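A.B. asks: Respectively, the protein sequence lines represent chains G and R. Counting along the first sequence from 1, when you hit position 215 you're at 252 in my numbering, and nothing is skipped either side. Counting along the second sequence from 1, when you hit position 166 you're at 203 in my numbering, and nothing is skipped either side.
What the hints contain is simulated information worked out from the structure, not anything from laboratory work. Note that the structure is a prediction, hence the values are computed from the model and not measured. Do not take every clue at face value.
Identical chains blur together in the list; that is why a pair holds if it fits in one copy or across any two.
[Said to hold, decoys possible] Capping the alpha-carbon separation at 25 Å, the derived lysine to any residue pairs in SDA-like fashion look like this:
| id | residue 1 | residue 2 |
| --- | --- | --- |
| 1 | K269 | R190 |
| 2 | K304 | P250 |
| 3 | K248 | E154 |
| 4 | K248 | N291 |
| 5 | K248 | S273 |
| 6 | K304 | L97 |
| 7 | K248 | Y218 |
| 8 | K56 | N237 |
Spelled out, the chains give:
Protein chains: 2
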Amino acid sequence: MAQVLTDLKRLCVHTITTKPWPIEEAAREFSASGIGGITVWRDALTGRNIKQTGNLLRDLNLEVVSLCRGGFFPALTPGARQSAIEDNLKAIDEAEALGAPMVVLVCGAAPGQSLFESRKQIQDGIAACLPHAAAAGVKLTIEPLHPMYAGDRSAVNTLAQANDMAEALNSPHVGIAVDVYHLWWDPDLETQIQRCGKNNNLSAFHICDWKTPTLDMLNDRGLMGEGCINLKQIRSWVEETGFTGFNEVEIFSNIYWQQDQHQFLEKIKAAYLQFS
Amino acid sequence: MAQVLTDLKRLCVHTITTKPWPIEEAAREFSASGIGGITVWRDALTGRNIKQTGNLLRDLNLEVVSLCRGGFFPALTPGARQSAIEDNLKAIDEAEALGAPMVVLVCGAAPGQSLFESRKQIQDGIAACLPHAAAAGVKLTIEPLHPMYAGDRSAVNTLAQANDMAEALNSPHVGIAVDVYHLWWDPDLETQIQRCGKNNNLSAFHICDWKTPTLDMLNDRGLMGEGCINLKQIRSWVEETGFTGFNEVEIFSNIYWQQDQHQFLEKIKAAYLQFS
Numbered sequence: 038m039a040q041v042l043t044d045l046k047r048l049c050v051h052t053i054t055t056k057p058w059p060i061e062e063a064a065r066e067f068s069a070s071g072i073g074g075i076t077v078w079r080d081a082l083t084g085r086n087i088k089q090t091g092n093l094l095r096d097l098n099l100e101v102v103s104l105c106r107g108g109f110f111p112a113l114t115p116g117a118r119q120s121a122i123e124d125n126l127k128a129i130d131e132a133e134a135l136g137a138p139m140v141v142l143v144c145g146a147a148p149g150q151s152l153f154e155s156r157k158q159i160q161d162g163i164a165a166c167l168p169h170a171a172a173a174g175v176k177l178t179i180e181p182l183h184p185m186y187a188g189d190r191s192a193v194n195t196l197a198q199a200n201d202m203a204e205a206l207n208s209p210h211v212g213i214a215v216d217v218y219h220l221w222w223d224p225d226l227e228t229q230i231q232r233c234g235k236n237n238n239l240s241a242f243h244i245c246d247w248k249t250p251t252l253d254m255l256n257d258r259g260l261m262g263e264g265c266i267n268l269k270q271i272r273s274w275v276e277e278t279g280f281t282g283f284n285e286v287e288i289f290s291n292i293y294w295q296q297d298q299h300q301f302l303e304k305i306k307a308a309y310l311q312f313s
Numbered sequence: 038m039a040q041v042l043t044d045l046k047r048l049c050v051h052t053i054t055t056k057p058w059p060i061e062e063a064a065r066e067f068s069a070s071g072i073g074g075i076t077v078w079r080d081a082l083t084g085r086n087i088k089q090t091g092n093l094l095r096d097l098n099l100e101v102v103s104l105c106r107g108g109f110f111p112a113l114t115p116g117a118r119q120s121a122i123e124d125n126l127k128a129i130d131e132a133e134a135l136g137a138p139m140v141v142l143v144c145g146a147a148p149g150q151s152l153f154e155s156r157k158q159i160q161d162g163i164a165a166c167l168p169h170a171a172a173a174g175v176k177l178t179i180e181p182l183h184p185m186y187a188g189d190r191s192a193v194n195t196l197a198q199a200n201d202m203a204e205a206l207n208s209p210h211v212g213i214a215v216d217v218y219h220l221w222w223d224p225d226l227e228t229q230i231q232r233c234g235k236n237n238n239l240s241a242f243h244i245c246d247w248k249t250p251t252l253d254m255l256n257d258r259g260l261m262g263e264g265c266i267n268l269k270q271i272r273s274w275v276e277e278t279g280f281t282g283f284n285e286v287e288i289f290s291n292i293y294w295q296q297d298q299h300q301f302l303e304k305i306k307a308a309y310l311q312f313s
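Looking at chain G on its own, in the form it has when it is part of the complex:
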């Protein structure tokens, strides 16, 4: 059984979830609600002093859970792969400045080459960034993405693959993000979550819901309880590994982004307590 959620201390909201709000406004609103954590998307930091922004978040009693996102390692040319690595080194610097303990990786896929080749380039890319991550004290967190993104966003599409990769990299600076949106359908999910926890690779837990029908492959995620994901069951599997981190609400939604964000945040809080 999943732990009963009676307050918002372990709730973390991604800045992209309330995208219309500048990060300062989002942070004030999250903080005033008693929400415990914030995950920062890099676009939210545009034009800001990153270190000062991190301090602002902490002054508001928000734990900075992670920086989203690095990755996109595969590319058809060595030059483009090197550029990707450099962007990831920059993301590590940003995470260090912000005080975020990890960078979440959307690993990437290059349509012009095989998934096998893309997976190899992902693993090589992460390995190339590891010394810098270690020096910065920042973890690189592999997020397996739904198979519908295998064409161009990630060649890592199951938790089994992420486990394989994390175990091959075998570093305390590599972790895995379990996102229910990407993984809920997988018949091996319980087993692979156990494996992920046992190897100390379970670093983050992202929640939302899968709507039927889904109107947009990227930006039509549902609020918890709106869809068909067995969220409490998956959370119980995550907690059984000993995971005590945040439940991170990551919702991309053209529908919710058009609504009043104060009302949306109230819905998130209610859905979190009732359906997560």
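Based on the hints, put chain R in the right spot on chain G.
C.D. replies: Same frame as chain G, now just chain R:
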């Protein structure tokens, strides 16, 4: 290596691929092109005498490869599940009348219950139809669907799951359809195709391509060569099992359905020979 395709004898086209054409016109066009097979969607038979339509297809030297589709077994009430079984018995009768050796199953999923429950209802539903299928000499062919359809179209989302289910049902009247659109991303695909062949369950092979970006989750499939699927490699795995059946072109596409179907059929033939 996949066998070199030098003619259209092993090409089968689904009636839904050229949906704007009535089945009679599609059949004449396929036949005039030297295409060897046709898979009939049930909607194409509306208002027809099914037995006579089957004779017409054979008179045009088309092999009737399969009838699409049965399935959709899961439902929240026993009454609805019984209705689904009755519809599948009807599909078996239609396949027998048409002279189609199999009914392809889109297995179904009911959003209001767990995938585990839906999978159990699928297996029970197929089992309930098996005596009728055996009497009719018709095979029930499980088609695992892409995980993006797990919400409402199929709780069977990998070839491993289809293999598990077919082996549990353990009947000469159960088979599996391998569709590259649904399965191309799966890192276990080669292994699972081998397993499927070894157990004599590989009954059908469906081809098309995955476009990036994909504009519609149902109706934006690509022509072979337009996307990122490693089609020749997957076909080589299928052929290595000893499979000698048809390469079935199944494309749902709002874009192609709006075009001149004669020109589209020329594109299918060219893409088949060059990219399949």
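A.B. asks: Look at each hint and say if it fits the structure.
C.D. replies: Going through the hints against the structure:
Taking the shortest alpha-carbon separations for K269 and R190, only the inter-copy value of 23 Å comes in at or below 25 Å, while the best intra-copy value is 27 Å. For the identical chains of this complex, K304 and P250 are intra-copy neighbours only, at 21 Å inside a copy versus 31 Å across copies, given an alpha-carbon limit of 25 Å. In the homo-oligomer, the alpha carbons of K248 and E154 lie at most 25 Å apart only across protomers (19 Å), although the nearest pairing inside one protomer, at 32 Å, exceeds that limit. When the C-alpha separation of K248 and N291 is checked against a cutoff of 25 Å, the pair qualifies both within a copy, at 13 Å, and between copies, at 23 Å.
Taking identical chains as interchangeable, the C-alpha atoms of K248 and S273 lie at most 25 Å apart only when both belong to the same chain, with a minimum of 21 Å there against 36 Å between chains. In this assembly of identical chains, K304 and L97 lie within 25 Å of each other by CA distance solely inside one copy; the values are 22 Å within and 61 Å between copies. For the homomeric pair K248 and Y218, the shortest alpha-carbon distances inside one copy (10 Å) and between copies (22 Å) are both at most 25 Å. For the identical chains of this complex, K56 and N237 are neighbours neither inside a copy (32 Å) nor across copies (52 Å), given an alpha-carbon limit of 25 Å.
Checked against the numbered hints above, the structure breaks only hint 8 and satisfies the rest.
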